[in-house]
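From first to last, the protein sequence lines are chains X and C. For reference, each letter of the first sequence is one residue, going 1 to 493 in my numbering. For reference, each letter of the second sequence is one residue, going 1 to 95 in my numbering.
Worth flagging that the hints you see were computed from the coordinates, not collected in a lab. Just so you know, not all the hints are guaranteed correct.
Quick list of in silico lysine to any residue cross-link-like pairs, SDA-like style, CA-CA up to 20 Å [claimed, not checked]:
1. X:415 <-> X:253
2. X:346 <-> C:9
3. X:48 <-> X:114
4. X:415 <-> C:31
5. X:415 <-> C:23
6. X:346 <-> C:18
7. X:247 <-> X:462
8. X:346 <-> C:82
Calculated from the model, a selection of chain X residues having no Cβ within reach of chain C, i.e. all distances over 12 Å [claimed, not checked]:
9. 5
10. 64
11. 67
12. 250
13. 256
14. 447
15. 448
16. 479
17. 486
Here a beta-carbon is modelled for each residue, glycine too, at the ideal position from N, C-alpha and C.
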Amino acid sequence: MSDALIHETAEALSRSVASGERSAVEVTLAFLAQIERTAGRLGTYLHKNPEEALAMARAVDERRARGAILGPLAGLPVALKDNLCVRGVPTTCGSRILERYRPPYDAHVVERLRDADAVLIGKTNCDEFAMGSSTENSAYFPTRNPWDLTRVPGGSSGGSAATVAAREAPLALGSDTGGSIRQPAAFCGIVGLKPTYGAVSRYGLVAFASSLDQIGPLARNARDAALLYNAICGQDARDMTSRSEAKPVSLDALERGAGRLRIGVPWELLGEGVDPEIHAALDKALAVFAAEGAKILDVKLPHAGYAIATYYLIAPAEASSNLARYDGVRYGVRAENDDLQTMYAKTRGQGFGREVRRRILLGTYALSAGYYDAYYLRAQRVRTLIRRDFAHALTGADAILLPTTPTPAFRLGEKLDDPLAMYLNDIFSIPASLAGAPALSFPAGFSAGDLPIGLQVVGRPFEEETLLRLARGWELGSDVTAKIPPLLAEADS
Amino acid sequence: MSIDTELVRKVAALARLHIDPAEEPRFVAELQAILSYVEQLQGLDVTGIEPTSQVGTGVVTPLRPDEARPSLVREEALAQAPDRDGDYLRVPRVV
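One chain only, chain X, in its complex shape (with noise of 0.2 Å):
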């Protein structure tokens, strides 16, 4: 039977070794025993991390007993995707090229965690190098939905969205370049937040695409994505990015939910190939949101249908880029030749599966002598009209709503074979990510087939509370009832 603490909020968690009511110890055995239950059918880690996990936990504990102070996230066990730097854990981003690396070094998040008593409890499975929407692309295995085995967690922070959903960790951090936060956080019904283009330092991310990579928090609520998202905001100099107008949220200001903003609704995007039950989620919520006082009114994002091709010109070619550092020489593995460019050639053609070797070279392509006016710096242009419309949109608007994605969960291997079919799922969030906007995915119900149904708020920039007040306006003004996904009920039997 698991431990009840495992349902427990995060800030309720934290709140209770704080206090004392419990130990760090105590919280962080109980996500073990979760894990141990279900990560295994699950496939939401590549690294667990029991033993540090547990020092971690009673260090918290011993800091408490000796009079400190602790930090707003104590004793709380946090997952952290494959792509995020931990001194001395294996970090591979999902890849065979990084199959033995060791960082020698914490990213910035990592940091900030261990200064809030975090408990770092093990790295999740992504994406090889966060390319992909399902998780499928890991070169280890696939992560699968807590809601439906058959069917995929997203991506590609399936494995933080999985795992969080899953109660094996109360909250985790991913990363989104074109969606992965968010829409793997629809599609296991928690929440996912992008934060503004520069409001968490990168430093110690593994770079996918440096002009939308950006960390962020996943929580089964709005205000334990507060709660670890406030843990890790702010500039840091080692991310030259990063910026000061970066603060922490209020929670207080969070209660009081969708009061009397200006929701915009982008009603010519969501025609065909939007989910009936999307569509009826997003009616819904835009009920609930006017009862709390909000004020519901049409907006425009005329260039927003450009999004996807733009998408995948830019993060393909600063992919292919960022990625040239593979190289079989300072650290990864390597496929010995005795010739220099054989050998970066053969490391580079058997460490990298299929879906990144095809963004190197489309991006490779696009950045070329002779194609890259036509193609790199167009998209660059078109990235310039598609950040107005949101500009534009969110004079008259203090933010817009739509879906995460045109659909719940699909099935595992359904768009394998296709990878434009693929890209195409991203259309609801690829816009924010290019405009560099604060973005964030809330569980707005169930699908008939009870399959998790998310929708997006989008913001101005730094504006972030204005997002997790509406998830949590949603919380507070929605009659969805809890549920949990069902392999809890029969891990439990």
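Once you have looked at the hints, place chain C on chain X.
Frame of chain X; chain C shown alone:
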């Protein structure tokens, strides 16, 4: 833009990426499909539109003084290398 095996080989060579000949037809087909899709951008008028290379309004690249500071421990950094000789990374013979 039409993609063929020759172009895939050329791009793979630029990227220092070995592609098995048996995999070439599939890469050709997939890249063709993706590039046909992104062709839609050619229909937009982007005359006079500045390219976005970095998001963030009024961002000035922050600079720091060029001073010696503690960095990674050499031994720890070198410990990750597939092949080394003392304090050097070893690679196949270049010349």
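> In terms of Cβ atoms, is chain C entirely out of 12 Å range of residue 64 of chain X?
Replying inline: Fine: 31 Å to the nearest Cβ keeps residue 64 of chain X off the interface.
> Taking the closest pair, is the beta carbon of residue 479 of chain X still more than 12 Å from chain C?
Replying inline: With a cut-off of 12 Å, residue 479 of chain X remains clear of chain C, as the shortest Cβ separation is near 38 Å.
>> The output says residue 67 of chain X does not contact chain C. Does that hold with a beta carbon cutoff of 12 Å?
In response: holds, 32 Å
>> Run the distance test for residue 346 of chain X versus residue 18 of chain C: straight-line Cα separation, threshold 20 Å.
In response: It holds: about 5 Å lies between the C-alpha atoms, which stays within 20 Å.
> Between residue 346 of chain X and residue 82 of chain C, is the straight-line Cα distance small enough, at 20 Å or below?
Replying inline: holds, 14 Å
> Minimum Cβ separation between residue 448 of chain X and chain C greater than 12 Å?
Replying inline: holds, 32 Å
> Is the Cβ of residue 486 of chain X farther than 12 Å from every Cβ of chain C?
Replying inline: holds, 36 Å
>> Please verify whether residue 415 of chain X and residue 23 of chain C have alpha carbons no more than 20 Å apart.
In response: holds, 19 Å
> So is residue 447 of chain X really clear of chain C, every C-beta pair being over 12 Å apart?
Replying inline: Holds, because the least Cβ-Cβ distance between residue 447 of chain X and chain C comes to about 28 Å, which exceeds 12 Å.
>> Minimum C-beta separation from residue 256 of chain X to chain C exceeding 12 Å: can you confirm that?
In response: holds, 27 Å
> residue 247 of chain X and residue 462 of chain X: Cα distance at most 20 Å?
Replying inline: Holds. Residue 247 of chain X to residue 462 of chain X sits at ~8 Å (cutoff 20 Å).
>> Against the 20 Å threshold, does the CA-CA distance of residue 48 of chain X and residue 114 of chain X hold or violate the hint?
In response: Distance ~17 Å between residue 48 of chain X and residue 114 of chain X Cα, so the pair holds.
Consistency with the previously given hints fails for number 1 only.
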